[in-house]
Each structure stands twice: as structure tokens, then as C-alpha cells.
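So you can see what is in the structure, the chains are spelled out below.
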Amino acid sequence: MTSTACFIIVSRNDIPIYEAEVGSAAKREDAAQLHQFVLHAALDIVQDLAWTTSAMFLKAIDRFNDLVVSVYVTAGHTRFMLLHDSRNEDGIKSFFQEVHELYIKILLNPLYLPGSRITSSHFDTKVRALARKYL
Amino acid sequence: MVSTYCNRFYANKPELAARRIEAIGYQVGHQLSERYTMERPRFSDHLEAIKFICKDFWFELFKKQIDNLKTNHRGTFVLQDNRFRWLTRMSIDQSPENGTSEELSIMADNKTMQSMHLYFPCGIIRGALSNLGIPCAVSADISNLPAWLYEEIWMITSITPDHENLTFSSFDGSLVLKISFDVFFALVCTVIIMITCFWKKFKHNEQI
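Here the protein sequences line up with chains A and B, keeping their order. The C-terminal position of the first sequence is numbered 137 in the numbering used here, with every residue numbered one higher than the one before it. The C-terminal position of the second sequence is numbered 360 in the numbering used here, with every residue numbered one higher than the one before it.
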């Protein structure tokens with residue numbers, strides 16, 4: 003089952019602090035930039051929607067061709083955004099929750115400056131493993 | 153920790169020590185607030201965030217809730233804790249009736265030391281609120297025996313970054329206290345409390 007998926011984490015100051023292509027399809031060169039472009043364009047929509055609801059998981063908020071953007075917002079206004087083509091909402095919700103836990107563990111590191119890029123390879127491996135499991 | 157910063161690192165510059173301690177508290181508050189808001193839905197309102205600080209956040213840190221919350225509906229909140237855990241073990245001596253000048257200076261010194269200990273919880277609250285989207289400045293005051301902590305939060309409604317002036321509150325009808333304390337005991341208590349707090353929550357999260 004091949005699927006395209008691009009996952010980024012954007013901090014409260016609209017700075018992307020982590021991005022990864024987690025789909026299992028073959029990666030094309032232009033696809034990576036296109037995915038990032040679509041995700042960044044969806045940030046405005048997220049901004050508006052985030053204030054209307056107090057839930058964390060905002061379901062599909064934007065569409066592009068047949069790709070859908072889903073977003074999960076934390077209390078500190080850090081946004082986890084996923085661009086995907088699958089329809090498995092529960093899986094995506096669990097994926098976001100697990101990534102949230104990982105993110106909190108990174109945040110608790112006293113040497114980590116909140117808002118800076120996440121460069122831990124351990125985090126990267128875990129996120130990809132979770133993506134394979136849930137998406 | 154407070155005594156280390158006061159006495160060793162910035163021995164002659166209490167303002168720098170205070171800012172450093174408060175900055176540490178800011179980061180701790182930032183991290184803790186992110187952690188404790190994980191399960192619950194997000195806040196739609198400043199008041200909701202403050203109430204969260206009063207109830208859940210304070211309960212996680214000190215095993216009790218804030219006793220009293222007041223507001224002037226124009227951006228200022230006053231949180232009162234009648235039995236602040238980190239200061240209950242500080243010994244307090246009554247000041248003499250007629251103080252000579254050198255005793256007054258000792259009392260001023262002690263009041264500075266006591267206010268040093270308040271900067272860390274101030275920083276924690278400021279960090280937590282900043283993470284929830286509310287820039288603010290926090291000041292603290294002890295107005296009564298035994299070590300009742302009285303805190304005041306100023307909300308800056310414009311989007312200027314918060315500033316570090318820790319002006320003390322207007323409750324200056326408080327008693328002048330001559331405070332002497334056991335430094336090592338307070339330090340060890342603080343460290344143990346923070347470590348158990350973190351460890352218990354971490355174990356709990358990992359088991360989930």
C-alpha cells in the first residue's frame with residue numbers, strides 16, 4: 003500500500019522546526035517542494051480554525067488535488083501538520099498523539115531551546131516508525 | 153539552587169542572580185505547562201488559562217490548589233496561596249521593637265534573600281502563561297506569617313514582549329520580618345520535590 007505523506011511541525015512563531023517525508027511511495031524530486039508549499043499555504047487556515055474550537059485535533063482542513071491536510075494543535079500553539087492521501091482518520095489521530103508525546107519529551111530536555119529545530123536522529127527514527135505503523 | 157546562585161555565582165549582583173533564577177523558572181514553566189496540558193482540550197480564553205494554572209498546574213506542582221483568585225477584570229490577577237510548600241520550612245524570627253541601623257540593614261538583606269526564593273515560582277508561572285499565549289509579568293509578595301505567598305500577575309494586553317521589572321505589589325502594610333533560614337534544608341527540599349514530581353509523572357506517562 004503506497005501512500006504519500008509529508009509531516010511538519012511548526013512552532014508558535016510560524017517557524018518549521020521539523021519536517022519529514024514519511025510516505026511509503028517513491029519520492030519524486032519536485033514532490034517534496036510541492037508538499038511543503040501546500041502545507042505552508044494551509045497555515046493561514048489553521049490559524050483561523052484554531053481559535054474556533056478547543057479540540058486539539060482538527061481534521062482535514064484543506065485539500066489539494068487528492069491530497070488532504072490534517073492538523074493537530076497543542077496548547078502551546080505548536081502545530082503538527084500532515085499532508086496525506088489516505089482516509090484513515092483514527093490512525094492519523096493516534097499518530098498525532100504519539101508524536102505529541104515524543105515532542106514533549108524533546109521539550110523537557112533542558113538543553114533544547116523551544117522554537118529551535120529538532121535535530122535529534124532518535125526523534126526522527128521514532129517518527130518514521132510511527133508513520134509506518136499508523137499511516 | 154537559589155543559594156548557589158546568590159552566594160557563589162553572582163555574589164555581588166543580586167539583580168543578575170534574580171534574573172537568572174527567574175529565567176530558569178521561565179523555562180521550567182514552559183516545559184511543565186506543555187506537559188500538563190497534553191490530555192486536556194485547549195483554552196479559549198485568558199481566564200480559562202489562569203484557572204488552569206490555579207487548579208491543575210498548581211496541584212501537580214504542590215499537591216494543592218490556589219486558595220484565592222482575584223481579578224480586577226482589566227488584566228490583573230492575584231493568586232493567593234496560604235501555605236506555600238517551598239517556604240513553609242523557612243524559620244522566621246520576629247523583628248525587635250527598636251531596630252538599630254545595622255539590624256535594619258540585616259533585615260533588608262534577609263528580605264532580599266527571601267525575595268530570591270520567590271523569583272523561581274514567579275518564573276514558573278510566567279513561563280507557563282507565556283506558553284499558553286499570554287505574555288505577562290509576575291511579582292510575588294509575602295505579607296503574613298507563616299510565609300504566605302501572595303502573587304500578582306499583570307497582563308499586558310498589547311503584544312509587547314514582557315519585561316523583567318519585578319515591581320512588588322502594593323500590599324506594603326506587611327510586617328517587617330527578620331528572616332533567617334536553613335539554607336541547605338530549603339535547597340534539598342526543593343530539589344527532592346522537583347525530582348519526585350518529574351519522575352512520577354514520567355513513569356506514569358511511560359506506562360501509558
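Rather than coming from a laboratory, the hints here were simulated on the basis of the structure. Some hints could be false.
Listed next, the in silico DMTMM-like pairs over lysine to aspartate or glutamate satisfying Cα-Cα at most 20 Å (straight line) [claimed, not checked]:
#  : chain 1 : residue 1 : chain 2 : residue 2
1  : A       : Lys61     : A       : Asp126
2  : B       : Lys165    : B       : Glu191
3  : A       : Lys107    : B       : Glu191
4  : B       : Lys355    : B       : Glu191
5  : B       : Lys353    : A       : Glu100
6  : B       : Lys355    : A       : Glu103
7  : B       : Lys353    : A       : Glu21
8  : A       : Lys128    : A       : Glu103
9  : B       : Lys222    : B       : Glu191
10 : A       : Lys95     : A       : Glu23
11 : A       : Lys61     : A       : Glu91
12 : B       : Lys207    : B       : Asp197
13 : B       : Lys355    : A       : Glu91
14 : B       : Lys215    : B       : Asp197
15 : A       : Lys61     : B       : Glu191
16 : A       : Lys95     : B       : Glu191
17 : B       : Lys352    : B       : Glu212
18 : B       : Lys203    : B       : Asp219
19 : B       : Lys216    : B       : Asp197
20 : A       : Lys95     : A       : Asp32
21 : A       : Lys128    : A       : Glu100
22 : B       : Lys352    : A       : Asp126
23 : B       : Lys355    : B       : Asp208
24 : A       : Lys95     : A       : Asp126
25 : A       : Lys107    : B       : Glu200
Taking beta-carbon pairs under 10 Å as the criterion, some of the chain A residues facing chain B (in silico) [claimed, not checked]:
#  : residue
26 : Ile19
27 : Ala77
28 : Leu115
29 : Ser118
Please read all numbers here as calculations on a predicted model, not as lab measurements. Note that CB positions come from ideal geometry on N, CA and C, so glycine has one too.
Going down the list of hints, with the structure as the test:
About 24 Å separates the Cα atoms of Lys61 (chain A) and Asp126 (chain A), which puts this hinted pair outside 20 Å; it is violated. For the hint linking Lys165 (chain B) to Glu191 (chain B), the alpha-carbon distance of about 42 Å lies beyond 20 Å, and the restraint is violated. The straight-line distance between the Cα atoms of Lys107 (chain A) and Glu191 (chain B) is roughly 15 Å, inside the 20 Å bound, and the hint therefore holds. As the CA atoms of Lys355 (chain B) and Glu191 (chain B) are separated by approximately 16 Å, the hinted pair is consistent with the 20 Å bound.
For the given pair, Lys353 (chain B) sits about 17 Å from Glu100 (chain A) by alpha-carbon distance, which is consistent with the 20 Å threshold. Simply put, Lys355 (chain B) and Glu103 (chain A) have alpha-carbon atoms about 13 Å apart, close enough for the 20 Å limit, and the pair holds. A distance of roughly 29 Å separates the Cα atoms of Lys353 (chain B) and Glu21 (chain A); the hinted pair therefore is violated under the 20 Å criterion. With a C-alpha separation of about 11 Å, the suggested pairing of Lys128 (chain A) with Glu103 (chain A) holds against the 20 Å cut-off.
Annotation: proposed proximity of Lys222 (chain B) to Glu191 (chain B) is violated, straight-line Cα distance about 27 Å (limit 20 Å). For the proposed pair Lys95 (chain A) and Glu23 (chain A), the alpha carbon gap of about 18 Å is at most 20 Å, so the pair holds. Distance check on the hinted pair: Lys61 (chain A) and Glu91 (chain A) sit about 8 Å apart at the alpha-carbon level, within 20 Å; holds. The hinted pair formed by Lys207 (chain B) and Asp197 (chain B) meets the criterion: a straight-line CA distance of about 15 Å does not exceed 20 Å.
The hinted pair formed by Lys355 (chain B) and Glu91 (chain A) fails the criterion: a straight-line CA distance of about 29 Å is larger than 20 Å. A distance of roughly 25 Å separates the Cα atoms of Lys215 (chain B) and Asp197 (chain B); the hinted pair therefore is violated under the 20 Å criterion. The straight-line distance between the Cα atoms of Lys61 (chain A) and Glu191 (chain B) is roughly 18 Å, inside the 20 Å bound, and the hint therefore holds. Taking the CA atoms of Lys95 (chain A) and Glu191 (chain B), the gap is near 13 Å; set against the 20 Å cutoff, the hint holds.
Proximity of Lys352 (chain B) to Glu212 (chain B) is assessed by CA-CA distance (about 11 Å); at most 20 Å being required, the pair is judged to hold. Only pairs whose Cα atoms come within 20 Å are accepted, and Lys203 (chain B) paired with Asp219 (chain B) is accepted, the gap being roughly 12 Å. Distance restraint check for Lys216 (chain B) and Asp197 (chain B): the Cα-Cα separation of roughly 23 Å exceeds the 20 Å cut-off, and the hinted pair is therefore not satisfied. Taken as a hint, the Lys95 (chain A) and Asp32 (chain A) pair is broken in the structure, with Cα atoms around 28 Å apart against an allowance of 20 Å.
A hinted pair counts as satisfied when its Cα atoms are at most 20 Å apart, and Lys128 (chain A) with Glu100 (chain A) qualifies at roughly 10 Å. Of the pairs offered as hints, the one joining Lys352 (chain B) and Asp126 (chain A) is violated, with about 26 Å between alpha carbons and a cut-off of 20 Å exceeded. Proposed proximity of Lys355 (chain B) and Asp208 (chain B) is supported: the alpha carbons are some 19 Å apart, at most 20 Å. The hinted pair formed by Lys95 (chain A) and Asp126 (chain A) meets the criterion: a straight-line CA distance of about 19 Å does not exceed 20 Å.
For the hint pairing Lys107 (chain A) with Glu200 (chain B), the CA-to-CA distance comes to about 25 Å; that exceeds 20 Å, so the pair is violated. For Ile19 (chain A), the shortest C-beta to C-beta distance to chain B is roughly 14 Å, which exceeds 10 Å, and the interface hint is violated. Taking 10 Å as the C-beta contact cut-off toward chain B, the hint placing Ala77 (chain A) at the interface holds, the least distance being around 4 Å. Taken as an interface hint, Leu115 (chain A) checks out: its beta carbon lies about 9 Å from the nearest beta carbon of chain B, inside 10 Å.
With 10 Å as the threshold, the beta carbon of Ser118 (chain A) stays out of range of chain B, its nearest partner Cβ sitting at about 13 Å, so the hint is violated.
In summary, the numbered hints that this structure violates are 1, 2, 7, 9, 13, 14, 19, 20, 22, 25, 26 and 29.
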